[in-house]
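J.: Turn these sequences into a full structure, and let the hints steer you where they fit.
There are 2 protein chains.
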Amino acid sequence: MKAIFVTGAAGFIGSTLVDRLLADGKTVVGWDNFSTGQRRFLDGALRNKNFKLAEGDNLDLPALTRAMAGCDTVFHLAANADVRFGLEHPSKDLQQNTVATFNVLEAMRTNGVRRIAFSSTGSVYGEAAVIPTPEDAPFPVQTSLYAASKVSGEGMISSYCEGFKFEGYIFRFVSILGERYTHGHIFDFYQQLLEHPGRLKILGDGKQRKSYLYVQDCVNAMLQVIGQGTAQRAKHGVEIYNLGTPEYVQVNDSVGHICGALGLNPQLEYTGGARGWVGDNPFIFLDTQKIQATGWKTSLTIEQGIGRTLQWLQQNQWVYEKRP
Amino acid sequence: MKAIFVTGAAGFIGSTLVDRLLADGKTVVGWDNFSTGQRRFLDGALRNKNFKLAEGDNLDLPALTRAMAGCDTVFHLAANADVRFGLEHPSKDLQQNTVATFNVLEAMRTNGVRRIAFSSTGSVYGEAAVIPTPEDAPFPVQTSLYAASKVSGEGMISSYCEGFKFEGYIFRFVSILGERYTHGHIFDFYQQLLEHPGRLKILGDGKQRKSYLYVQDCVNAMLQVIGQGTAQRAKHGVEIYNLGTPEYVQVNDSVGHICGALGLNPQLEYTGGARGWVGDNPFIFLDTQKIQATGWKTSLTIEQGIGRTLQWLQQNQWVYEKRP
Numbered sequence: 000m001k002a003i004f005v006t007g008a009a010g011f012i013g014s015t016l017v018d019r020l021l022a023d024g025k026t027v028v029g030w031d032n033f034s035t036g037q038r039r040f041l042d043g044a045l046r047n048k049n050f051k052l053a054e055g056d057n058l059d060l061p062a063l064t065r066a067m068a069g070c071d072t073v074f075h076l077a078a079n080a081d082v083r084f085g086l087e088h089p090s091k092d093l094q095q096n097t098v099a100t101f102n103v104l105e106a107m108r109t110n111g112v113r114r115i116a117f118s119s120t121g122s123v124y125g126e127a128a129v130i131p132t133p134e135d136a137p138f139p140v141q142t143s144l145y146a147a148s149k150v151s152g153e154g155m156i157s158s159y160c161e162g163f164k165f166e167g168y169i170f171r172f173v174s175i176l177g178e179r180y181t182h183g184h185i186f187d188f189y190q191q192l193l194e195h196p197g198r199l200k201i202l203g204d205g206k207q208r209k210s211y212l213y214v215q216d217c218v219n220a221m222l223q224v225i226g227q228g229t230a231q232r233a234k235h236g237v238e239i240y241n242l243g244t245p246e247y248v249q250v251n252d253s254v255g256h257i258c259g260a261l262g263l264n265p266q267l268e269y270t271g272g273a274r275g276w277v278g279d280n281p282f283i284f285l286d287t288q289k290i291q292a293t294g295w296k297t298s299l300t301i302e303q304g305i306g307r308t309l310q311w312l313q314q315n316q317w318v319y320e321k322r323p
Numbered sequence: 000m001k002a003i004f005v006t007g008a009a010g011f012i013g014s015t016l017v018d019r020l021l022a023d024g025k026t027v028v029g030w031d032n033f034s035t036g037q038r039r040f041l042d043g044a045l046r047n048k049n050f051k052l053a054e055g056d057n058l059d060l061p062a063l064t065r066a067m068a069g070c071d072t073v074f075h076l077a078a079n080a081d082v083r084f085g086l087e088h089p090s091k092d093l094q095q096n097t098v099a100t101f102n103v104l105e106a107m108r109t110n111g112v113r114r115i116a117f118s119s120t121g122s123v124y125g126e127a128a129v130i131p132t133p134e135d136a137p138f139p140v141q142t143s144l145y146a147a148s149k150v151s152g153e154g155m156i157s158s159y160c161e162g163f164k165f166e167g168y169i170f171r172f173v174s175i176l177g178e179r180y181t182h183g184h185i186f187d188f189y190q191q192l193l194e195h196p197g198r199l200k201i202l203g204d205g206k207q208r209k210s211y212l213y214v215q216d217c218v219n220a221m222l223q224v225i226g227q228g229t230a231q232r233a234k235h236g237v238e239i240y241n242l243g244t245p246e247y248v249q250v251n252d253s254v255g256h257i258c259g260a261l262g263l264n265p266q267l268e269y270t271g272g273a274r275g276w277v278g279d280n281p282f283i284f285l286d287t288q289k290i291q292a293t294g295w296k297t298s299l300t301i302e303q304g305i306g307r308t309l310q311w312l313q314q315n316q317w318v319y320e321k322r323p
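Protein sequence lines, in the order shown, are assigned to chains A and B.
For the first sequence, numbering that gives the first Met the number 0 begins at 0 and goes up steadily by one.
For the second sequence, numbering that gives the first Met the number 0 begins at 0 and goes up steadily by one.
Keep in mind the hints are simulated off the structure, nothing from the lab.
Mixed in with the good hints, there may be bad ones.
[As the list claims (entries may be wrong)] Here are the computed lysine-lysine pairs in the DSS-like style, where the Cα-Cα straight-line distance is at most 25 Å:
#1 B:K25 with B:K51
#2 A:K234 with B:K51
#3 B:K234 with B:K200
#4 B:K164 with A:K91
#5 A:K206 with B:K51
#6 A:K51 with A:K25
#7 A:K91 with B:K91
[Stated by the list, open to error] Output of the computed footprint for chain B on chain A, the stretches with three or more beta carbons under 8 Å from beta carbons of chain B:
#8 95-107
#9 132-141
#10 144-157
#11 192-198
#12 229-240
In this text, all values refer to a predicted model and were calculated from it rather than measured experimentally.
Note that beta-carbon positions come from the ideal geometry of N, C-alpha and C, so glycine has one too.
T.: Right, dumping it as structure tokens:
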């Protein structure tokens with residue numbers, strides 16, 4: 000049996016996927032540069048004889064190519080996932096997302112690996128003209144370097160599918176929640192409340208509407224789709240799926256869930272404006288009919304997902320220790 | 000008066016734009032690495048005191064940044080424009096288009112230059128679901144590395160417009176024809192007929208339908224739009240325009256025009272299939288209502304453009320000399 004290669008294997012979603020693949024009896028090579036990945040997330044995997052950790056960076060193409068030998072499927076999840084600070088270091092999205100994805104594709108080509116799953120983002124729809132936003136929404140204008148780099152990755156992957164007969168699965172995620180969650184608004188809010196339980200600073204006006212998906216539901220969706228092999232029958236060898244819940248919440252709702260769960264009643268301070276930051280999209284809600292048509296459905300509501308995330312953060316406060 | 004910076008200044012479209020800007024009394028800095036640009040195309044410009052040639056490569060960011068000092072507008076036309084052979088050297092589109100465009104944006108940011116016009120392509124629509132294809136057509140699947148790299152460039156530019164208050168003009172070109180045309184199907188057909196007037200090899204079945212635009216009409220459109228400053232009023236600081244003619248021709252029609260003009264009747268040999276090459280789009284026809292609404296219109300029909308191109312190639316056979 001050939002192995003499955005997971006980039007970003009020590010990340011939030013990557014390590015969850017690795018554990019799930021190993022539980023399913025698969026052989027897995029995990030690849031990570033540990034820039035944001037956590038070794039502790041691989042504690043379980045490292046005790047499994049079917050798991051091999053390969054430490055390295057996607058920008059090191061020769062090492063990446065060597066590590067991928069003997070695999071037949073790649074889950075390319077490694078990325079700079081920091082949407083908010085793209086403008087502070089514009090080359091990061093280009094290097095860690097665009098160039099990195101190209102290297103993954105080239106390493107695959109060298110190794111004769113043709114099946115790839117890719118974590119794209121609902122941010123590619125920019126400020127979508129149609130909400131809920133379907134996969135074939137009107138051609139969007141990109142408003143963040145993060146999303147631009149993911150559109151770039153999608154384009155290269157689909158071109159490799161067309162040109163080199165790859166089989167591509169592109170998943171446009173909403174924000175993902177759950178165990179091992181290490182960045183995003185719940186992470187930030189909980190950190191603030193740990194430091195000062197009496198006040199909470201909220202970016203924007205708190206009315207931003209966003210959709211969130213529980214990490215196990217995210218992994219389930221990817222595995223289900225790949226198992227069905229839909230891209231093999233697709234016109235250009237690639238299938239694109241929105242991954243999200245059929246609901247959304249306001250940031251203020253999320254604040255309410257968090258404070259309720261913690262039994263806190265902090266004073267709320269809003270930075271103001273409809274957007275949390277430049278390029279923030281005040282309303283992200285994806286049309287998920289396509290993924291639902293495969294038979295997949297969510298196991299947790301957004302509120303349950305927030306609760307699960309918060310519980311994990313409470314039990315794993317070490318994730319805050321490394322932060323500057 | 001600040002200068003206008005033109006990347007790819009020695010290219011087909013770039014040199015035509017440079018001459019036009021100089022004729023309009025502008026000061027121009029032309030930037031080219033002469034990988035495909037032709038020094039002869041700048042013969043006229045180099046005699047004009049308002050023109051300065053800066054020789055260098057977009058991948059050399061420090062040199063690019065220095066060369067751009069004192070400019071207030073950038074026409075970023077330099078690119079690997081070779082759509083057909085993308086699969087033979089996949090990194091070329093990434094480097095010369097994606098990374099190069101990033102460098103242009105960074106050089107602009109360093110120099111405080113905020114206005115950019117960008118030559119994108121109708122190929123970004125892939126095999127479009129809607130024909131004629133409007134700017135907000137359904138989110139396409141990319142089928143060539145060339146188009147993927149242009150989508151990437153578009154995304155970075157619009158993100159800089161959103162994040163750094165740039166003013167962006169993105170033009171999605173159909174194939175451009177006219178004086179100084181140095182690659183494409185007319186170039187190839189004429190070359191074949193010079194070598195053996197009795198036969199002509201045609202990629203695909205000859206039924207591919209494509210639209211072509213005369214280079215002076217292309218330059219007129221860009222200058223008209225930028226003069227109107229539409230992006231300053233656009234939601235994200237960026238405006239996207241299809242540039243094409245309101246007609247299309249079959250490759251076979253084009254062959255007829257060429258052979259008619261040359262008085263030849265070669266035997267036609269088709270390689271077969273609906274596509275000229277892997278990733279070729281058998282039907283490119285853009286909806287140009289948006290650019291037409293600015294008051295712009297074409298001066299030549301496609302047939303006239305083909306005639307003008309052929310006439311120029313006949314008078315400038317030196318363009319074939321450097322070819323391997």
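J.: Compare the structure with each hint and give your call.
T.: Taking the hints in turn, this is what the structure says about them:
| no. | hint | verdict |
| --- | --- | --- |
| 1 | B:K25 with B:K51 | holds, 12 Å |
| 2 | A:K234 with B:K51 | violated, 49 Å |
| 3 | B:K234 with B:K200 | violated, 48 Å |
| 4 | B:K164 with A:K91 | holds, 20 Å |
| 5 | A:K206 with B:K51 | violated, 52 Å |
| 6 | A:K51 with A:K25 | holds, 12 Å |
| 7 | A:K91 with B:K91 | holds, 20 Å |
| 8 | 95-107 | holds (count 5) |
| 9 | 132-141 | holds (count 8) |
| 10 | 144-157 | holds (count 10) |
| 11 | 192-198 | violated (count 0) |
| 12 | 229-240 | holds (count 4) |
When held up to the earlier numbered hints, the structure conflicts with 2, 3, 5, 11 and fits the remainder.
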